[in-house]
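Enquirer: Each chain is listed here by its residues.
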Amino acid sequence: MKHLALCIILTICIAASDDSDDPYIPEGWPEPVYHFSDNPLSEAGIYLGRKLFYDPVLSADSMISCASCHSPYNSFAHTDHALSHGIHDSIGRRNAPALMNLAWHKSFMFDGAIHHLDMVPLAPISHSGEMGSSIQTIINRLTENPTYPALFQKAFGDTKISGERTLKAMSQFLLTLVSANAKYDRVMHHLDTFTYQEKKGYDLFKAHCASCHTEPLFTNGGHFNNGLTMNATIQDKGRMEISGKTEDSLAFKVPTLRNIVYTYPYMHDGRFQTLSKVIQHYTDGIQPSHNLAPQLQKPIRISSNDKADLIAFLKTLSDTQFLFNPKHQYPK
Amino acid sequence: MFFWVLMGLFQVPSDAQSEFSVAVKATWNDQDLIAGEAYLTENGEWFRLNILKFYIHNPSISSSDGQKVTGARKHYLIDLLHAEQEKIEFFSKKECIPDSLFFSLGVDSLTQSAGALGMDLDPANGMYWTWQSGYIHIKIEGTSSLSKHPSQEFACHIGGYRMPFNSIRDVELKICSLKEGIVLNLDLASFFRNFDVTSNHHIMSPSGMSSKLADVFASCFQITHP
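Chains as they are written, first to last, in the numbering used here: chain D, 3 to 334; chain B, -1 to 224.
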């Protein structure tokens, strides 16, 4: 009888306890920037965000979803597309960045225009060349949709659909996109070893690339002029378009190099199709400028063998567990 | 007589609490401002307003004996053309004779960095820039004979919470405690006397001009009594 009473009490306690999930913080990583206490993760919240991510109802013509430009099999980048295309086949100005490890980012977009993950979806939602809609339109559509009110109820306690809840649900899903199990990570945890070539590549990486593409995120999150010429057609001035400061001219956010093999083409306008071309830019193509990144002031002199080794190392940043995780894909 | 005027000014329950509300309204000089109606400047030019919304934060009322009562909410989105009657409410545990009204125009920088928020701060209110982070502090849209835009439109979206283009402004206004009712009045005629629509029919990002207009907007408030 006593056992039965205990079981009942335990069951009630478990049922009554909140179902919030602890965010995954890989061992040895810095503290996330995102305040999880403002938006605690829950299974229902993550599922709602994931459903929204894959739903083209977010776009004016109901043809474009977030996944249209952020494909799960390509580390949530728009592989093989230099510039992304949105509704009515409009071509955008920039390459869609890969999405992963977003809890550690202080700013978003190549020009750092957005400074909080929650607010990021507003930009592509409202852009006339991307989804061409508005958060108000989306709320109306979701409210009239037969499925969503119940999902909002599960995630937030009642069927009210607001801008705040829509954005927070999307953040919850995006925050689960953590990539930290590449061969590189297993080597760092002494669970695997680099090949001779990969090790050489890693040493070269540390000497020439790590000052901006800092481990373990493989980005320092900053905005730098990395010596690219301005695209004459697009006339994209980078961070200067947001800050108005000349020292931000042609400064773009340092992207992560994780899963880099899957996220070509490279740079803010996708101008380089291959990693070889990227490395060639850094060794032979840097344009001098008044605000060139200090890390690139000294020329990078490496041999062709070195370049091959560097690429071999970059391949060790591929995390197939992340890339093919069914929990990140289209919800069934 | 004085005592009864005071009693009429606010409710004073037996445990000596005070509650009062400050109604917020817009006028063109001394005419009530109505959406879509035409109003004339001294030079015979016309303006029609379609949108007039702004944020305030940290409203408080202080009394001559040094008491300070904060508003019922920290942030208010005030819509002066399409909401029924906007008001800011204050509740005090003690008897309080209002002497001054304080508030800050816009959304404070800490709140701006806090991610998606709800109610008056929900981005679905149409007062959040989608292309870069930040709330639109003041949104004024309409048409005018002075606008050179093809459809005579103008739109002022005044925002910015970081230097050098911070448009958050503090406003302090005296209240005459002998009069009944407190109205926070915004005079748009005064705003447009100091804003050259002909040279700038669209202000859509933080800039030197938007910061200047924030100063102008802040100066257009006054306390009146019904």
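FYI, nobody ran anything at the bench for these hints, they're computed from the structure. Glycine residues also receive a C-beta, built at the ideal position from the N, C-alpha and C atoms. Certain hints may be false.
Unchecked claim - Straight line, CA to CA, 30 Å or less: simulated DSS-like cross-link-like pairs of lysine-lysine:
{"hint": "1", "chain 1": "D", "residue 1": "Lys108", "chain 2": "B", "residue 2": "Lys137"}
{"hint": "2", "chain 1": "B", "residue 1": "Lys91", "chain 2": "D", "residue 2": "Lys239"}
{"hint": "3", "chain 1": "B", "residue 1": "Lys91", "chain 2": "B", "residue 2": "Lys177"}
{"hint": "4", "chain 1": "B", "residue 1": "Lys172", "chain 2": "D", "residue 2": "Lys162"}
{"hint": "5", "chain 1": "B", "residue 1": "Lys72", "chain 2": "B", "residue 2": "Lys146"}
{"hint": "6", "chain 1": "D", "residue 1": "Lys239", "chain 2": "B", "residue 2": "Lys172"}
{"hint": "7", "chain 1": "D", "residue 1": "Lys300", "chain 2": "D", "residue 2": "Lys108"}
{"hint": "8", "chain 1": "B", "residue 1": "Lys172", "chain 2": "B", "residue 2": "Lys210"}
{"hint": "9", "chain 1": "B", "residue 1": "Lys72", "chain 2": "B", "residue 2": "Lys92"}
{"hint": "10", "chain 1": "D", "residue 1": "Lys162", "chain 2": "B", "residue 2": "Lys72"}
{"hint": "11", "chain 1": "B", "residue 1": "Lys137", "chain 2": "D", "residue 2": "Lys247"}
{"hint": "12", "chain 1": "D", "residue 1": "Lys279", "chain 2": "D", "residue 2": "Lys317"}
{"hint": "13", "chain 1": "B", "residue 1": "Lys92", "chain 2": "D", "residue 2": "Lys108"}
{"hint": "14", "chain 1": "D", "residue 1": "Lys156", "chain 2": "D", "residue 2": "Lys208"}
{"hint": "15", "chain 1": "D", "residue 1": "Lys329", "chain 2": "D", "residue 2": "Lys53"}
{"hint": "16", "chain 1": "B", "residue 1": "Lys85", "chain 2": "B", "residue 2": "Lys72"}
{"hint": "17", "chain 1": "B", "residue 1": "Lys92", "chain 2": "B", "residue 2": "Lys137"}
{"hint": "18", "chain 1": "D", "residue 1": "Lys247", "chain 2": "B", "residue 2": "Lys210"}
{"hint": "19", "chain 1": "D", "residue 1": "Lys108", "chain 2": "D", "residue 2": "Lys239"}
{"hint": "20", "chain 1": "B", "residue 1": "Lys210", "chain 2": "B", "residue 2": "Lys23"}
{"hint": "21", "chain 1": "D", "residue 1": "Lys239", "chain 2": "D", "residue 2": "Lys300"}
{"hint": "22", "chain 1": "B", "residue 1": "Lys146", "chain 2": "B", "residue 2": "Lys177"}
{"hint": "23", "chain 1": "D", "residue 1": "Lys317", "chain 2": "D", "residue 2": "Lys162"}
{"hint": "24", "chain 1": "B", "residue 1": "Lys137", "chain 2": "D", "residue 2": "Lys162"}
{"hint": "25", "chain 1": "D", "residue 1": "Lys53", "chain 2": "D", "residue 2": "Lys201"}
{"hint": "26", "chain 1": "D", "residue 1": "Lys300", "chain 2": "D", "residue 2": "Lys247"}
{"hint": "27", "chain 1": "D", "residue 1": "Lys279", "chain 2": "D", "residue 2": "Lys156"}
{"hint": "28", "chain 1": "D", "residue 1": "Lys239", "chain 2": "B", "residue 2": "Lys66"}
{"hint": "29", "chain 1": "B", "residue 1": "Lys23", "chain 2": "B", "residue 2": "Lys172"}
{"hint": "30", "chain 1": "D", "residue 1": "Lys279", "chain 2": "D", "residue 2": "Lys162"}
What the hints assert, rightly or not - Which residues of chain D face chain B? A few of them, derived with a C-beta cut under 8 Å, are:
{"hint": "31", "residue": "Ile27"}
{"hint": "32", "residue": "Ile127"}
{"hint": "33", "residue": "Glu249"}
{"hint": "34", "residue": "Ile288"}
Enquirer: Please list, smallest to largest, the hint numbers that this structure does not respect.
Expert: 2, 4, 5, 6, 13, 14, 17, 22, 23, 25, 27, 28, 30, 31, 33 and 34
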